[in-house]
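*Asks:* Here is what each chain is made of, one letter per residue.
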Amino acid sequence: MLKLEHISFHVEDEGQDKEIIRDVSLSLPAGKLIVVTGPNGGGKSTLARLIAGIEKPDSGKVYFKGRDITQWSVTERARAGIAFAFQQPVRFKGIQVMDLIRLASGKDLSASDACEYLSRVGLCARDYINREVNASLSGGELKRIEIATVLARGADLSVFDEPEAGIDLWSFQNLIEVFSQMRQTVKDRSILIISHQERILNIADEVAVLQGGRLTAQGPREEILPGLIGSPSAMKECFGYSAGKGGKTVC
Amino acid sequence: MLKLDEIQKRLLAEVADLHTVPEGAYNIRSNSQSAGRKSTANIEIIPKTDVSGLDIRIKPGTKNESVHIPVVMTESGLKEAVYNDFHIGADADVTIVAGCGIDNCGNQDSQHDGIHRFFVGKGARVRYVEKHYGSGSGAGKRILNPVTEVYQEENSTVEMEMVQIKGVDDTSRTTLAELASGAKLAVRERLMTHGRQSAVSAYVVRMNGDGASADVVSRSVAKDESYQKFDAKLVGSAACTGHTECDSIIMDRGRILAVPGLEANHVDAALVHEAAIGKIAGDQIMKLMTLGLTEQEAEEQIVNGFLK
Ligand SMILES: Nc1ncnc2c1ncn2[C@@H]1O[C@H](COP(=O)(O)OP(=O)(O)OP(=O)(O)O)[C@@H](O)[C@H]1O
Ligand SMILES: [Mg+2]
Numbered sequence: 000m001l002k003l004e005h006i007s008f009h010v011e012d013e014g015q016d017k018e019i020i021r022d023v024s025l026s027l028p029a030g031k032l033i034v035v036t037g038p039n040g041g042g043k044s045t046l047a048r049l050i051a052g053i054e055k056p057d058s059g060k061v062y063f064k065g066r067d068i069t070q071w072s073v074t075e076r077a078r079a080g081i082a083f084a085f086q087q088p089v090r091f092k093g094i095q096v097m098d099l100i101r102l103a104s105g106k107d108l109s110a111s112d113a114c115e116y117l118s119r120v121g122l123c124a125r126d127y128i129n130r131e132v133n134a135s136l137s138g139g140e141l142k143r144i145e146i147a148t149v150l151a152r153g154a155d156l157s158v159f160d161e162p163e164a165g166i167d168l169w170s171f172q173n174l175i176e177v178f179s180q181m182r183q184t185v186k187d188r189s190i191l192i193i194s195h196q197e198r199i200l201n202i203a204d205e206v207a208v209l210q211g212g213r214l215t216a217q218g219p220r221e222e223i224l225p226g227l228i229g230s231p232s233a234m235k236e237c238f239g240y241s242a243g244k245g246g247k248t249v250c
Numbered sequence: 000m001l002k003l004d005e006i007q008k009r010l011l012a013e014v015a016d017l018h019t020v021p022e023g024a025y026n027i028r029s030n031s032q033s034a035g036r037k038s039t040a041n042i043e044i045i046p047k048t049d050v051s052g053l054d055i056r057i058k059p060g061t062k063n064e065s066v067h068i069p070v071v072m073t074e075s076g077l078k079e080a081v082y083n084d085f086h087i088g089a090d091a092d093v094t095i096v097a098g099c100g101i102d103n104c105g106n107q108d109s110q111h112d113g114i115h116r117f118f119v120g121k122g123a124r125v126r127y128v129e130k131h132y133g134s135g136s137g138a139g140k141r142i143l144n145p146v147t148e149v150y151q152e153e154n155s156t157v158e159m160e161m162v163q164i165k166g167v168d169d170t171s172r173t174t175l176a177e178l179a180s181g182a183k184l185a186v187r188e189r190l191m192t193h194g195r196q197s198a199v200s201a202y203v204v205r206m207n208g209d210g211a212s213a214d215v216v217s218r219s220v221a222k223d224e225s226y227q228k229f230d231a232k233l234v235g236s237a238a239c240t241g242h243t244e245c246d247s248i249i250m251d252r253g254r255i256l257a258v259p260g261l262e263a264n265h266v267d268a269a270l271v272h273e274a275a276i277g278k279i280a281g282d283q284i285m286k287l288m289t290l291g292l293t294e295q296e297a298e299e300q301i302v303n304g305f306l307k
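Residue numbers (numbering that gives the first Met the number 0), protein chains in the order written: chain P, 0 to 250; chain L, 0 to 307.
Isolated chain L, as found in the complex:
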């Protein structure tokens, strides 16, 4: 498949579950070059001319198709900003798989900043999956700073799944969403930090039309000396419902800051925030130990289950 070495293939499998060329439309970016691209009858992928990035146009009414746009980086010291715009036509129903894997064996920092904008047409439905993964033993950091902007027209639905379980040293994630009436946004974020990693995730979701709804849920585990900040702000300016939840396990000398933010500008805006941070419950560890697991194995099972 394509011109990828073993490490690049491994990264692709981690971030996009890809073992071969994906079905449907795709663009695979490897060390700042396109390593393969394919458009389909309904999904067109066009490189931008002014900046690095792509315009992805999905025709109205496109059903059950997918787009894969994974990024892999294996050269130490590479820094890039990539602008991808998704134009999703009315009533389309598509899955978009992004994701970035960095393998850094060198001493210089590697950084990928992906700026993704989604323009979601009326009644369209998008499932978006983004995984981050880092590997390599170099002293250089693996840095990812994604910015995601979502503009949802009437009655559109966006489900986002963001996963970062391993190896990314520094990430600052910003997600902005604007929802018209009847639009629905559901975000599931799963995060684990270890070592001296730092992860900041900030959301601002504006519900501007009646019947809009947002549900932002983060589950995270902070190990070792790592630091996490979850900053979720919902703004309700119509008859809408919003819910954010931060559920975190803290271990070792980890630190977690959860910042709830609810702004209601309409009497029928119903907004809820839940946050819970705590270490693994002692009786959970005990229970698994009575099944024959060691304390460490028990912790692993609990963490894996929590992030599943």
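Looking at chain P on its own, in the form it has when it is part of the complex:
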């Protein structure tokens, strides 16, 4: 489904070149769920932005469903079937939740269809469908609406950047079910989740660890996870913030 080959990326920061992604190669087969984890600042969000096309790599190639999409725009990749839920969702003055879900679906959705997506992320649809996606929404509400827009896209590859952040304990379990369901309902649909949460790692087929811009581990969950949890080096390197609710923070 998705294949990254030798991706490198840098930014210029105060006149200095700063390597953020260093020679990362990763492949995500169809129908699989991969969780990318690693310490803060490790480059996970940057990797997601490279996949969505928001950033372009300095070198390396991105393949999606067998095609080289390295030079494709964000729009082209979206239309080809890549969906992306931002770590920090964007707010819009005047645009309503309904508008956003409709745009995401690419169809003239009925209000009740749109409500369905909101219900799946645990929002009482009636209260939210006409709300503006503006500063009046709480962080957790906004985050769930962001996830709902990605569900509405129904894309072949869905990328979620820390979907659990800001989501309360009660909704967390629900979120796990949403991801599990996504895999069951549509065959061959792939999911990439960036997360620090053990319970999300537990539903992964594959786990990848990104540290200092490099992939330091990658493979089936059963192989990677035991080494990750409780290893002293991981404890040292992963100064993971405490998400507090909704399970243990691994990284």
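It should be emphasised that the hints constitute simulated quantities derived from the structure, not laboratory data. A virtual CB, placed ideally from N, CA and C, is assigned to each residue, including glycine. Some clues are possibly wrong.
Pair ranges (Cβ atoms, derived) [stated by the list, open to error]:
# : chain 1 : residue 1 : chain 2 : residue 2 : range
1 : L       : A185      : P       : N129      : 19 to 25 Å
2 : P       : D12       : L       : D267      : 48 to 54 Å
3 : L       : G76       : P       : G105      : 52 to 58 Å
4 : L       : S171      : P       : D57       : 30 to 36 Å
5 : L       : T293      : P       : Q86       : 22 to 28 Å
6 : L       : S171      : P       : E18       : 55 to 61 Å
Start from chain P and add chain L with the ligands according to the hints.
*Replies:* Quick look at chain L with the ligands alone, frame taken from chain P:
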């Protein structure tokens, strides 16, 4: 309906959402003539004799009635000034829909200057909607210079919605309001300019009595080479609260000038002005592009939402 051609009907639909003769009282002005007029038991519409315009008298206590006074112009080169006075009786509760649509296919400028005065009685409540719209491919300009004066007695409420989204080349809007104690004024202005258009909007709101309040909010988008000026002045001469806000998106080579003006003549006058001008945030465009929209489609959605 009436003696209107297709273009005139289209303009009416744009400025007043009218597809047929409105309910309640109305006067439809088309190319400087009245194309239809109706008074009701509580709302009387009388043509002025000294100048062009109307006296509209709304009886005290009139509830849930409406007045439509749209204007359409389709003759190139027409220039008119129209004086409409609204006398709204105490405790009335009414909706007034004005608005002007100009279609100019000719080479001469078409201009409509509407001078509206509102005398709002004690405890009355008025909702006023005014839309401006221009169309036609002629080189002649479409010019609108509305003047609105609002005199509010004790505890009256006026809500004004002013919309100009398309096609008006030149507008200079002046709004003056005088508020007695307990009177409330809320203005929502939505404006989009494009091409080489220019739009100037100036407000002076005087709060003269205790408990008066004013809230003037403008949302605007300046595209292409267009120019906008938002000049909002609040004068608080009693224990009152006032707020003005100018929130603008600037695009292309547009220019926007926001001029805050607050004058407090009383220690309990609380006045606030907010102004923000900026281009569309890059992450907003990115987000919509990740939903499959092109950059241009994303901009359109953001602008439409902002002006909704
Ligand atoms: N435009 C930029 N300018 C400077 N530094 C940047 C820029 N973009 C990213 N970085 C840096 O690159 C590194 C990786 O950032 P990234 O957001 O990808 O990390 P992350 O793994 O998602 O972290 P977190 O777990 O905190 O979300 C960080 O050190 C960050 O400060
Ligand atoms: Mg991140």
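*Asks:* If a hint holds in the structure, say so; if it does not, say that too.
*Replies:* Status of each hint after checking the structure:
1. L:A185 with P:N129: 19 to 25 Å: The hinted range 19 to 25 Å holds for A185 (chain L) and N129 (chain P), with Cβ atoms some 21 Å apart.
2. P:D12 with L:D267: 48 to 54 Å: Cβ of D12 (chain P) to Cβ of D267 (chain L): about 51 Å, so the range 48 to 54 Å holds.
3. L:G76 with P:G105: 52 to 58 Å: violated, 47 Å
4. L:S171 with P:D57: 30 to 36 Å: Given about 53 Å between the Cβ atoms, the range is violated.
5. L:T293 with P:Q86: 22 to 28 Å: holds, 24 Å
6. L:S171 with P:E18: 55 to 61 Å: holds, 56 Å
Hints 3 and 4 from the earlier list are contradicted by this structure; the remaining hints agree with it.
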